[in-house]
Amino acid sequence: MSEKVQKIVEIADDELILGWRDSEWTGIAPSLEEDVAFSSIAQNEIGHARALYELAARELGTDADTLAFDRDPGEYLSAPLVEERRMDWAHTIARHFLYETADEIRLAALKDSDDAEVAGLAAKMDREEQYHRLHARMWRDRLQDEPRFVDALEELWPAAVAVLPEELRPQMSERLQLDLPSNSLLRGFERGSHSEELRPLLDEMTMVRRSVPGATW
Amino acid sequence: MDEQRFLEYVQSGGQVETTDRMPDDYRSKLVKFIEMHGNSELMGVLPEREWILRAPTLQRKLALTAKVQDEVGHSQLIYRVVEDLGKPREQCLADLISGKSKFHNVFHYPTKTWGDVGVIAWLVDAAAIISQKALLKCSYAPYARIMKKICWEESFHILHGRDVVLTMMNGTDEQRELVQEALNRWWGPLMQFHGNPISKEDDPMYIWRIKSQGNEEARQQFLDGYVPQIWELGLTVPDPKLRKSDDGVWEYSEPDWDELKHVVTGHGPKTQERLEFRRKFLEQEAWVRSVVLAEAA
Numbered sequence: 000m001s002e003k004v005q006k007i008v009e010i011a012d013d014e015l016i017l018g019w020r021d022s023e024w025t026g027i028a029p030s031l032e033e034d035v036a037f038s039s040i041a042q043n044e045i046g047h048a049r050a051l052y053e054l055a056a057r058e059l060g061t062d063a064d065t066l067a068f069d070r071d072p073g074e075y076l077s078a079p080l081v082e083e084r085r086m087d088w089a090h091t092i093a094r095h096f097l098y099e100t101a102d103e104i105r106l107a108a109l110k111d112s113d114d115a116e117v118a119g120l121a122a123k124m125d126r127e128e129q130y131h132r133l134h135a136r137m138w139r140d141r142l143q144d145e146p147r148f149v150d151a152l153e154e155l156w157p158a159a160v161a162v163l164p165e166e167l168r169p170q171m172s173e174r175l176q177l178d179l180p181s182n183s184l185l186r187g188f189e190r191g192s193h194s195e196e197l198r199p200l201l202d203e204m205t206m207v208r209r210s211v212p213g214a215t216w
Numbered sequence: 000m001d002e003q004r005f006l007e008y009v010q011s012g013g014q015v016e017t018t019d020r021m022p023d024d025y026r027s028k029l030v031k032f033i034e035m036h037g038n039s040e041l042m043g044v045l046p047e048r049e050w051i052l053r054a055p056t057l058q059r060k061l062a063l064t065a066k067v068q069d070e071v072g073h074s075q076l077i078y079r080v081v082e083d084l085g086k087p088r089e090q091c092l093a094d095l096i097s098g099k100s101k102f103h104n105v106f107h108y109p110t111k112t113w114g115d116v117g118v119i120a121w122l123v124d125a126a127a128i129i130s131q132k133a134l135l136k137c138s139y140a141p142y143a144r145i146m147k148k149i150c151w152e153e154s155f156h157i158l159h160g161r162d163v164v165l166t167m168m169n170g171t172d173e174q175r176e177l178v179q180e181a182l183n184r185w186w187g188p189l190m191q192f193h194g195n196p197i198s199k200e201d202d203p204m205y206i207w208r209i210k211s212q213g214n215e216e217a218r219q220q221f222l223d224g225y226v227p228q229i230w231e232l233g234l235t236v237p238d239p240k241l242r243k244s245d246d247g248v249w250e251y252s253e254p255d256w257d258e259l260k261h262v263v264t265g266h267g268p269k270t271q272e273r274l275e276f277r278r279k280f281l282e283q284e285a286w287v288r289s290v291v292l293a294e295a296a
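Chains as they are written, first to last, in numbering that gives the first Met the number 0: chain A, 0 to 216; chain B, 0 to 296.
No lab work stands behind these hints, which were simulated from the structure alone.
Glycine included, C-beta positions come from ideal geometry on N, C-alpha and C.
Certain hints may be false.
What the hints assert, rightly or not - Computed spacing ranges between beta-carbons, pair by pair:
#, chain 1, residue 1, chain 2, residue 2, range
1, A, E196, B, Q10, 55 to 61 Å
2, B, I197, A, T61, 55 to 61 Å
3, B, D223, A, Y130, 40 to 46 Å
4, B, E16, A, Q129, 35 to 41 Å
5, A, Q143, B, Q3, 40 to 46 Å
What the hints assert, rightly or not - Only part of the chain B face toward chain A is listed, based on derived beta-carbon distances under 8 Å:
#, residue
6, L45
7, L61
8, A65
9, T171
10, V287
Looking at chain A on its own, in the form it has when it is part of the complex (with noise of 0.2 Å):
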């Protein structure tokens, strides 16, 4: 896999799980309001992660479909961030604020890329993603002062920094006006190492999927 290809399909897998992860909230989020706010973001999040499996897929010589789900857990690429199941208002909030402001610093130095076609998708999707982070910010307005909030936020910073490479942390911490973690903080968290929530949430995903071997869906 070359070095291009393996960025889109990391980007690719955190939209992926994320997207997973937040269309969990749909039919029972908080209020009706925001149960149908929740359910845009998973498809948007989804439909970017299928945007970027095509992409990488025409250089892989495969389809979107088979990159999203026919891998083995470890080859997945996505950061331990998306990956857990948090299924409490205050650290999906949390997790959706963090990756939205990792997303926009990732997607602004992607839109730089000498790629065009790489800095076109980043350009679309960051269009879609001004509403997310919009939404994000409310939320965060709403609920800084909410401890369960601000504990969630202070136990999510470190797997959220590492969903960066290394050389964009320093944009995050700045952003957001927290110190990078520590090393030892970060382990654990960096790409290439998984949450033990990842595998039951690939088992589940690849259910119905797995149980007719070969069969188009």
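Fit chain B to the supplied structure of chain A, relying on the hints for placement.
What follows is chain B alone, placed relative to chain A:
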């Protein structure tokens, strides 16, 4: 307007707005009927949302999330109509989880395979759209108006469901078996869906022209529209008595009306589990609603 004149007005096709005077009985029947519709949209998301996490392709995942999102959006619209009639959403939700108010029979049953996802989106939504299209003529105008958007979206759900079913029917024997097995389980609840064949002249919801058709009329329309399609796909309807008579009326085995009554009064196979699930998240995230309400105040 006295009650008799109001009745004549709605029976001759007249429509009522929120601020119009209306008899208490009409208002309470409206609330009961529309609230049950809102409850059904909201409880209907639970059997399907489980499958969002198991959707077998990216396209199916997107379509199913969008469909379930639509149902949540419908419940939001519908509860607003109830709210304007005097019952706040929080009260509707409290009555739903305490079991005081009801929701449609089909949402009390379990889902077992991806075949259920296709059969629900295709046939349960088809049965529902028949009832909902008849509500476009509802005597309460605000309800009739939102039904336009709801019917429009439901028609996409039917296409999505039919596509899921068609893809499986064109697949392997095992996939065809999944669809047939799901249809066998859903057929009974589908035949009960439109209610017992009470004459519409005795149905208070028809008398007030909240509904514009009788239960049996709706069921006949469902059978006429969908049985030929079910057969065309190579599926068998699990009712040996089902046939269209020479005068164009569908004959069928008597649906189990005791089961319908038992299920909608809170004794369905999944009723308590689903209410408990909804109660759990309503309670767990109550603090979020307090923060939002404090901000709005």
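Under the constraints set out in the numbered hints, which ones does this structure not fulfil? 5
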